[in-house]
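Engineer: These protein sequence lines map, in sequence, to chains A and B. The first sequence maps to residues 48 to 362 in the numbering used here. The second sequence maps to residues 749 to 1094 in the numbering used here.
Hints in this document: simulated from the structure, not taken from any laboratory. Here a beta-carbon is modelled for each residue, glycine too, at the ideal position from N, C-alpha and C. Keep in mind that the hints are not guaranteed to be accurate.
A few chain A residues facing chain B, derived, Cβ under 8 Å [unchecked claim]:
no., residue
1, E84
2, R158
3, A162
4, L249
5, I253
6, C255
7, N260
8, A261
9, D273
10, W279
11, K282
12, T283
13, P286
14, T289
15, P315
16, G317
Here are a few chain B residues that sit away from chain A, every Cβ distance over 12 Å (derived from the structure) [as the list claims (entries may be wrong)]:
no., residue
17, V836
18, E926
19, W1023
Here is how the chains run, residue by residue.
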Amino acid sequence: MLAYITKIKEISDRLLKEQKVDLIIGFRKGTIPMMNEPCFAKTASDVKNLVWDSNCGINLANYLTNRKEKIGVIAKGCDARNIVTHILENKISREQLVIIGVPCKGMIDRRKVSAASGCEVAEVLEKPDGIVVKGPGVEKTIKKVDVLQDNCAICIHRNPVISDEMVADPVEEQKGVDRYEDVRRVEAMSPEEKWKYFEELLSPCIRCYACRNACPLCYCPTCFVDESKPQWVGKTLDPIDTRTFHFLRAYHCAGRCTDCGSCVRACPMGIDVRAFTKKLEKDALEFFGWEAGMSLNERPTLDTFKPDDPDHLIK
Amino acid sequence: MKVIKIDKKHWAGGIEKSRSAYRLFGPVMVENKDFSDFEELNAGEMPDMTATDTRTSPKSICFPPEEVMMEYSTDETRDDCNLMRVPVKDYSPRAVIGIRPYDAAAYLIVKKNFDTPEYRDPYWCDAYAACTFIGLAVNEPSRLDFSTSTNSGPFDESGLDVLLVDMGGHYFAKVITEKGAAYLKAAGWEEAAGDGAEQQIEELKVKAERMIQTTISFDRIKEKSIMELHGADFWDDAAFACINCGTCTYVCPTCWCFDIQDETKGKSGVRIKAWDSCMYPLFTIHTTGHNPRETKVHRVRQRFMHKLKYYMDKYEDGIMCVGCGRCVRSCPVNIDIRRVCQSMNG
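With the rest of the complex left out, here is chain B:
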């Protein structure tokens, strides 16, 4: 596999050069805050390659908190009155710079939902197809990173087109796909890294993986029946503290649930796809008023059963979690997926 060397002196110039062919996305510090988030980079704006995990995940690049799916008019003098129109969308190439390897792996999980043989979400799929993921290996994993035990890791290449590795004065850019090679070419980075680069990357990978301090196990969840886990006696205890806000689901890179809303103003309107959360009672309430997930214990159980059991059974590809640790860090009341997973696996 080819490795390119990018001297940091050529970093800004390359990023700038690539703008002619790509819309750029990357981590930037949020104004007046002590954290960063993924955003489209404005002219002249650089991705913050020193940022630690962004507060919310980069899933928003293809799955924004709200997205117009269709537009309509209720004006009866128009021929297209009450007919849905798909708005013009910009699916020109996007480069996602500095995405964490496990966040890119999360895209592969979300893809299982939005791109199936039966159903294809065109908004997500077209945006995803437009993306080139230029990931940044995590040389020093955070204390909450448990990505090695979720089949991902700080150097995971599975969701990436290029893996950048920070070597101090330069980056090594490991080319993983043709798409990745095309981006590096567009940025003008073409200096071969020479012998030994792959070895150096491998050493850093081993070192980073060794630094990870926290793991989860789910090997026994597979053997347990859904009903056994569903009826287990630890849920009351696990859910007690939960305040049923949507924080965990909104910061999660793999949570994919959404709501569809029509918003009409005057005689024109839009049909919107907006993030939703299984933590909310409104998520499941029926028109009759009956709510099959009436209490917070039901809703907390649903979230963890979906991530750690239903997904595993349906796709036979591990769990619906990449171990980024965002939910653990952001939960206002310290509901910890590692602890719940341990109970389920116990």
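Excised from the complex, chain A in its bound form:
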């Protein structure tokens, strides 16, 4: 994965020089360990600052919404699926984009790395044999597979489904992954247990909306929680309002979520926001055989009606 950046820069330089695009959307090196910052590059000197490593977990499809320029966008597997969704939902047109595809072996979870290192992390280096973490008096090599984001660990679409240029040959997809072990665990709970589980899950929420705003699906001009005429949801940390926000947001993502993990990555309070969206993602797959963002040629399952759609969920 580390060799990708040379190719990314080469492609970006060429696209800008040939005026195929007005800007490249990618990442530059962050100011703290394990954080890269989404950025745009318009000049050759901007391109020099682009980086690619296992800290590029932010979904860049989120930065395409309603843009008017010609854009070169760097896309790993999940970004590409969200770009497809964006195109199908008319948030950007295919003609505006040059998609620079990046085969991905997963992004690292900075919280897992911090926990594994047991110290305040000063520096993280990615080496072919693992992640080297340095802190005061500590230097440790951790296996990347042990600190992957939860969604990356069970990802089965690591290669971009759509691209104009690829920075490398496809990587091998993970086989035999049980994607829904955690969802089944919640499904098996009694109503009381479920209630308690979700109540505890949401108790640290501060309503900062980082999960919503990091999500490429959440592009409504005015989110329902921000409506003031009428105001649907209260502004405080009242558990009913907090639940209403999370439950409704999840349902708005039904059949659209690609499990990119941006919501979890963004949450400052460490809430596993995917606990909501994954159930809906599982239902979309089991009821409709649908995985979001896999093809430009098929309308999203909840956009269309088919006579043989399952109706057992209507009671």
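Position chain B relative to chain A; hints supplied.
Structural biologist: Chain B in isolation, oriented as in the chain A frame:
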């Protein structure tokens, strides 16, 4: 200045003893999480004095995420129908144990907004007056601590009533105000530390300040005009990554903005003061639908201009930031106030 020695054997007993006169607040680990936050301590619960920076700041002790300001009834059979009543509030003494020196200094910044010669927010001011701040010096500053360059620091006494310094087997408690002395007395900690304590504290302070690895400079921002900074060409670049969530403002110890909401259920209701954020479009949208801060670039610029320019010009007392590093640590997309400050100062 007086210094008291508190043997750690007497720590828990003293905290317990002080409960009879104070409500206690302190850092506690959040259940099932790897971070702590400031909360009111339940009976028997101790402040976690080993906690690193709490995830959100202790500003919530006087400025909670939501607070009932008034109550009302819309029941027309009542004499006080549609009249606002101030609810009964508990402003009995509070002791805030283990607050970081720069977080206490942040209270002095917030005070400039809530307690002015013209306007006084009674909720904040009364809560603040009830507080005794028993701070804990930061012997080993985090990598994101830049408090020495914001006119504060890991041993800053300006916002504190007592400065505790962890000496291993004991604390030194430097008494800064009468309020602080009263708390120590209530806890039964009265052993004088003896000669040399102040010297030892000073040495640790110098050591801690030397450990700080990151600084900001804002010396040139003062000379620049508002319009020059407002129209600068770096804002598009600085704001690009921002997703306009409220994380930075909610974790910040100096962000003071709030919304006022009426919530009515049946025939009774409450008027609430709730945290708000300049990152949200709703923060500024007018009833006409016009929004003077329509795009995220406007909103990001506003946040940094307020903290690093408008505040500086209005109060002539540095910047509206104590350098705790929380926003840098928590921002989902790595917007870094140090980097923005550098651009503004450049």
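Engineer: Work down the list of hints and note, for each, if the structure agrees.
Structural biologist: How the hints compare with the structure:
{"no.": "1", "hint": "E84", "verdict": "4 Å, holds"}
{"no.": "2", "hint": "R158", "verdict": "7 Å, holds"}
{"no.": "3", "hint": "A162", "verdict": "6 Å, holds"}
{"no.": "4", "hint": "L249", "verdict": "12 Å, violated"}
{"no.": "5", "hint": "I253", "verdict": "5 Å, holds"}
{"no.": "6", "hint": "C255", "verdict": "4 Å, holds"}
{"no.": "7", "hint": "N260", "verdict": "4 Å, holds"}
{"no.": "8", "hint": "A261", "verdict": "5 Å, holds"}
{"no.": "9", "hint": "D273", "verdict": "5 Å, holds"}
{"no.": "10", "hint": "W279", "verdict": "13 Å, violated"}
{"no.": "11", "hint": "K282", "verdict": "5 Å, holds"}
{"no.": "12", "hint": "T283", "verdict": "4 Å, holds"}
{"no.": "13", "hint": "P286", "verdict": "12 Å, violated"}
{"no.": "14", "hint": "T289", "verdict": "11 Å, violated"}
{"no.": "15", "hint": "P315", "verdict": "4 Å, holds"}
{"no.": "16", "hint": "G317", "verdict": "5 Å, holds"}
{"no.": "17", "hint": "V836", "verdict": "20 Å, holds"}
{"no.": "18", "hint": "E926", "verdict": "35 Å, holds"}
{"no.": "19", "hint": "W1023", "verdict": "8 Å, violated"}
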